[in-house]
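Let the sequences and hints guide you as you build the complete structure.
Going line by line, the protein sequences match chains A, B and C. Using our numbering, read the first sequence as starting at 1 and increasing by one per residue. Using our numbering, read the second sequence as starting at 1 and increasing by one per residue. Using our numbering, read the third sequence as starting at 1 and increasing by one per residue.
Bear in mind the hints are in silico, worked out from the structure with no lab data behind them. For clarity, every value in this text was computed on a predicted model and none was experimentally measured. For each residue, glycine too, the CB sits at the ideal point set by N, CA and C. It cannot be assumed that every hint is accurate.
[Unchecked claim] Which chain B residues face chain A? A few, computed with CB under 8 Å, are given here:
1. V147
2. S148
3. V154
4. M159
5. V385
[Said to hold, decoys possible] Okay, the calculated bits of chain B under chain C, using three or more residues with CB under 8 Å as the criterion:
6. 25–35
7. 76–86
8. 126–139
9. 162–173
10. 326–340
11. 346–357
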Amino acid sequence: MSEAIAFYVLSGLVLASAWSVVRNENLFHAGLSLILCFVGVAGIYVNLDAPFLGAMQVLIYAGAIAVLLLFGFMLTHDLMNAKQERNQHAAGIFAAVLMALVLIGTIAGAQWYGSSGQPVKFGVESLARRYMQQDLVSFEVVALLLLASLMGAVVIARKEEGSRD
Amino acid sequence: MPEWVQFSAGKHFQDLIAHLSGRSVPEILVMPIMLAVILGFICGSSLILIWAERKVAARIQNRVGPMMTGPRKLAEFSMWTGGLLQTAADAIKLLVKELIIPSKTDPVPFIAAPVLIVTVCVTAFVVIPFGPALSVSDLNIGVVHVVSISSLTVLSIVMAGWSSNSKYSLLGGLRSAAQMLSYEIPLIFALLGPILLAGGLSMQKMVLAQREYGCWFFLPSLLGFLIYYVASIAEVNRPPFDIPEAESELVAGYVSEYSGMMFAMFFLAEFANMFLVCSVAATVFLGGWLVPFMAVPEQMTPGYIALGTLVFFAKTSFLVFIMMWIRWTFPRVRPDHLMNLGWKYLFPLSLLNLLICAGVAVLKDVYKLNGWGVSLASLGALVFVLLLLQVVRVPRPTAFLEKV
Amino acid sequence: MDGNYGYIALFLLGGAGFVGFNFSLASFVTRLVQSHRPSRTKGLAYECGEPPSGEAWVQYNVRYYLYAMLFVIFDVEAAYMIPWAAEFRKLLAELGTLVVVEMAGFLAILLLALCYAWRKGALEWT
Numbered sequence: 001m002s003e004a005i006a007f008y009v010l011s012g013l014v015l016a017s018a019w020s021v022v023r024n025e026n027l028f029h030a031g032l033s034l035i036l037c038f039v040g041v042a043g044i045y046v047n048l049d050a051p052f053l054g055a056m057q058v059l060i061y062a063g064a065i066a067v068l069l070l071f072g073f074m075l076t077h078d079l080m081n082a083k084q085e086r087n088q089h090a091a092g093i094f095a096a097v098l099m100a101l102v103l104i105g106t107i108a109g110a111q112w113y114g115s116s117g118q119p120v121k122f123g124v125e126s127l128a129r130r131y132m133q134q135d136l137v138s139f140e141v142v143a144l145l146l147l148a149s150l151m152g153a154v155v156i157a158r159k160e161e162g163s164r165d
Numbered sequence: 001m002p003e004w005v006q007f008s009a010g011k012h013f014q015d016l017i018a019h020l021s022g023r024s025v026p027e028i029l030v031m032p033i034m035l036a037v038i039l040g041f042i043c044g045s046s047l048i049l050i051w052a053e054r055k056v057a058a059r060i061q062n063r064v065g066p067m068m069t070g071p072r073k074l075a076e077f078s079m080w081t082g083g084l085l086q087t088a089a090d091a092i093k094l095l096v097k098e099l100i101i102p103s104k105t106d107p108v109p110f111i112a113a114p115v116l117i118v119t120v121c122v123t124a125f126v127v128i129p130f131g132p133a134l135s136v137s138d139l140n141i142g143v144v145h146v147v148s149i150s151s152l153t154v155l156s157i158v159m160a161g162w163s164s165n166s167k168y169s170l171l172g173g174l175r176s177a178a179q180m181l182s183y184e185i186p187l188i189f190a191l192l193g194p195i196l197l198a199g200g201l202s203m204q205k206m207v208l209a210q211r212e213y214g215c216w217f218f219l220p221s222l223l224g225f226l227i228y229y230v231a232s233i234a235e236v237n238r239p240p241f242d243i244p245e246a247e248s249e250l251v252a253g254y255v256s257e258y259s260g261m262m263f264a265m266f267f268l269a270e271f272a273n274m275f276l277v278c279s280v281a282a283t284v285f286l287g288g289w290l291v292p293f294m295a296v297p298e299q300m301t302p303g304y305i306a307l308g309t310l311v312f313f314a315k316t317s318f319l320v321f322i323m324m325w326i327r328w329t330f331p332r333v334r335p336d337h338l339m340n341l342g343w344k345y346l347f348p349l350s351l352l353n354l355l356i357c358a359g360v361a362v363l364k365d366v367y368k369l370n371g372w373g374v375s376l377a378s379l380g381a382l383v384f385v386l387l388l389l390q391v392v393r394v395p396r397p398t399a400f401l402e403k404v
Numbered sequence: 001m002d003g004n005y006g007y008i009a010l011f012l013l014g015g016a017g018f019v020g021f022n023f024s025l026a027s028f029v030t031r032l033v034q035s036h037r038p039s040r041t042k043g044l045a046y047e048c049g050e051p052p053s054g055e056a057w058v059q060y061n062v063r064y065y066l067y068a069m070l071f072v073i074f075d076v077e078a079a080y081m082i083p084w085a086a087e088f089r090k091l092l093a094e095l096g097t098l099v100v101v102e103m104a105g106f107l108a109i110l111l112l113a114l115c116y117a118w119r120k121g122a123l124e125w126t
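Laid out in structure tokens, this is it:
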């Protein structure tokens with residue numbers, strides 16, 4: 001019962017803040033709304049009995065990606081009253097519909113754990129086990145991917161700095 | 001795992017109420033009481049810590065510090081008992097001061113920033129084990145909860161710095177954000193060592209693991225302890241890492257435009273965060289509420305709970321005192337040195353610490369060696385290597401990493 | 001026992017409520033003792049007593065962005081390593097030294113990333 005209430009409250013929070021992200025003309029405020037959205041999603045994870053995932057959502061999305069986004073916004077000119085280009089509606093709607101289709105397809109085709117009525121224990125231990133057994137290769141690939149993204153970031157930032165001087 | 005471990009402070013309250021009134025109450029009624037206790041504790045401890053900080057500063061600088069506000073008899077007794085009510089008076093002063101919201105600010109984030117910084121700190125206190133079976137709630141993600149929720153502090157500082165629309169605030173906020181981001185990485189990696197040795201994330205399990213292991217985790221991961229301590233000083237923006245509030249160049253950094261109660265909230269958060277990081281260090285590295293040279297009884301007794309809580313506060317206070325001592329001893333670090341220390345020294349060393357801990361765990365579990373002995377041996381090896389580097393005088397080992 | 005995660009929600013709301021209460025109390029008290037007297041000069045941003053010149057909301061250095069990017073990458077690495085560290089001893093007993101070897105590979109790539117950033121001068125505060 002209390003879980004259902006928490007779910008609806010959190011979903012409302014996520015939807016409202018996501019709406020504010022899209023509609024806000026002030027980029028800084030949009031970024032702050034996005035953080036609220038991230039925290040709401042973390043709350044949903046915790047509510048679904050995956051507290052570690054929730055903590056990681058807060059640590060990585062709200063604590064790191066959001067700061068990166070805010071820093072990125074601050075690099076733009078005239079952040080506080082950026083007028084949106086109003087002629088991108090069609091492209092936006094197209095992307096949103098495409099995204100929705102992909103999501104609906106994935107959700108409809110997914111094998112749902114817990115639908116048998118048995119509670120599923122999804123904790124740190126099962127994660128670690130998967131890294132070490134089934135997903136051993138992809139685990140190492142993740143590290144390579146992160147290395148590649150770091151190289152990209154360094155190259156782009158150096159170029160940016162060079163053009164600024 | 002003994003049964004009493006599952007007890008939390010809330011359950012104690014439930015038992016107490018059931019004992020007094022003769023009927024049981026659901027946990028949801030006890031939860032607000034726990035909130036009130038923690039809020040009261042944060043306010044009270046901050047009042048004491050601010051007073052203590054001024055007294056320590058005074059002692060180091062050969063002064064007496066605040067003496068006039070408080071019982072006169074006590075002030076005449078010694079410098080350490082004078083001015084007890086100084087911070088309470090300061091709090092009242094801050095309460096009656098005008099709340100100025102400068103006209104060019106962005107009001108919503110400007111007001112939300114102090115709210116966020118205090119809220120985050122209060123929430124992190126949920127998992128702190130003040131004593132055996134005395135945490136508000138022993139979440140099974142314990143340490144990760146503290147780290148992840150504390151990472152939101154940096155958002156509050158960016159919000160305060162940006163929304164103030166003042167150059168000092170913006171510069172201070174950005175510098176502070178960059179500093180906190182840079183030191184959060186070594187902080188997390190330094191905590192991985194004890195997490196590895198404890199085999200779990202919950203704070204109470206961390207303490208019990210140290211009992212099982214035979215010695216406190218600062219011994220096998222001394223490097224991790226030192227890195228965590230230095231990084232946490234930087235995380236709470238205290239000198240010598242107070243670049244964001246370097247008053248001689250940035251006025252007060254991101255708090256420049258705040259006044260009255262809004263400033264007080266930032267101040268409160270600073271001292272509460274200081275207590276928080278020290279209590280985490282005491283729990284993870286110094287055995288938390290474990291009383292030295294005394295076995296933990298199988299059946300938890302009120303006596304041991306009281307003693308354990310006292311020991312926990314003693315360890316935490318000791319770490320807080322060292323932090324104050326450092327503040328009044330070291331000069332402020334330059335920004336580029338600060339970044340170098342975080343990324344080029346603490347971060348690689350925290351990886352080394354993780355490797356040492358993994359090695360110790362392998363030696364202990366696979367080769368069944370004594371935890372104590374292995375820890376001492378690893379410590380000895382570390383010291384030996386450091387001495388060797390001093391004697392052999394290798395040219396800078398990182399020379400090949402210089403910029404090309 | 002997993003602990004009660006309701007406490008997180010309660011403490012988030014309670015902490016915010018506590019600060020909100022303090023603010024409203026302060027705003028009431030300042031009006032009571034009449035210290036609340038806004039004026040135009042008081043509303044100016046502080047700039048050493050001079051009237052502030054221009055806005056503070058300007059474009060600034062890209063190096064902050066670079067540090068944030070480095071932070072995100074190593075933060076994600078840390079997120080992957082936490083479950084490994086927490087279950088290390090348990091998995092060591094089951095799978096043997098494979099656990100150590102795999103993480104050594106992960107750590108080696110991480111170190112490579114650090115060396116790359118270092119050598120390219122990305123860690124330099126210029």
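How the hints compare with the structure:
A hinted interface residue such as V147(B) counts as satisfied when its beta carbon comes closer than 8 Å to some beta carbon of chain A; here the least separation is about 7 Å, so the hint holds. A hinted interface residue such as S148(B) counts as satisfied when its beta carbon comes closer than 8 Å to some beta carbon of chain A; here the least separation is about 4 Å, so the hint holds. Interface restraint check: V154(B) against chain A, minimum CB-CB distance 6 Å, threshold 8 Å, status holds. With its C-beta approaching chain A no nearer than about 7 Å, M159(B) sits inside the 8 Å limit, and its interface hint holds.
The restraint placing V385(B) at the interface with chain A is violated, with a minimum CB-CB distance near 27 Å, outside the 8 Å limit. Only when three residues or more bring their CB closer than 8 Å to a CB of chain C does the claim for the segment 25–35 of chain B stand; here the count is 6, and the claim holds. Counting residues of the segment 76–86 of chain B whose CB lies closer than 8 Å to any CB of chain C gives 0, so the stated coverage by that chain is violated, three being the minimum. Against chain C, the segment 126–139 of chain B contributes 6 residues with a C-beta closer than 8 Å to a partner C-beta. That satisfies the three-residue criterion, and the hint holds.
Only residues whose C-beta sits within less than 8 Å of a C-beta in chain C count toward coverage, and the segment 162–173 of chain B has 8 of them, enough to reach three; the restraint holds. Proximity of the segment 326–340 of chain B to chain C, defined as three or more residues with a beta carbon under 8 Å from a beta carbon of that chain, is established by the 5 residues found. With 5 residues having a beta carbon nearer than 8 Å to a beta carbon of chain C, the segment 346–357 of chain B meets the requirement of three or more and the stated coverage holds.
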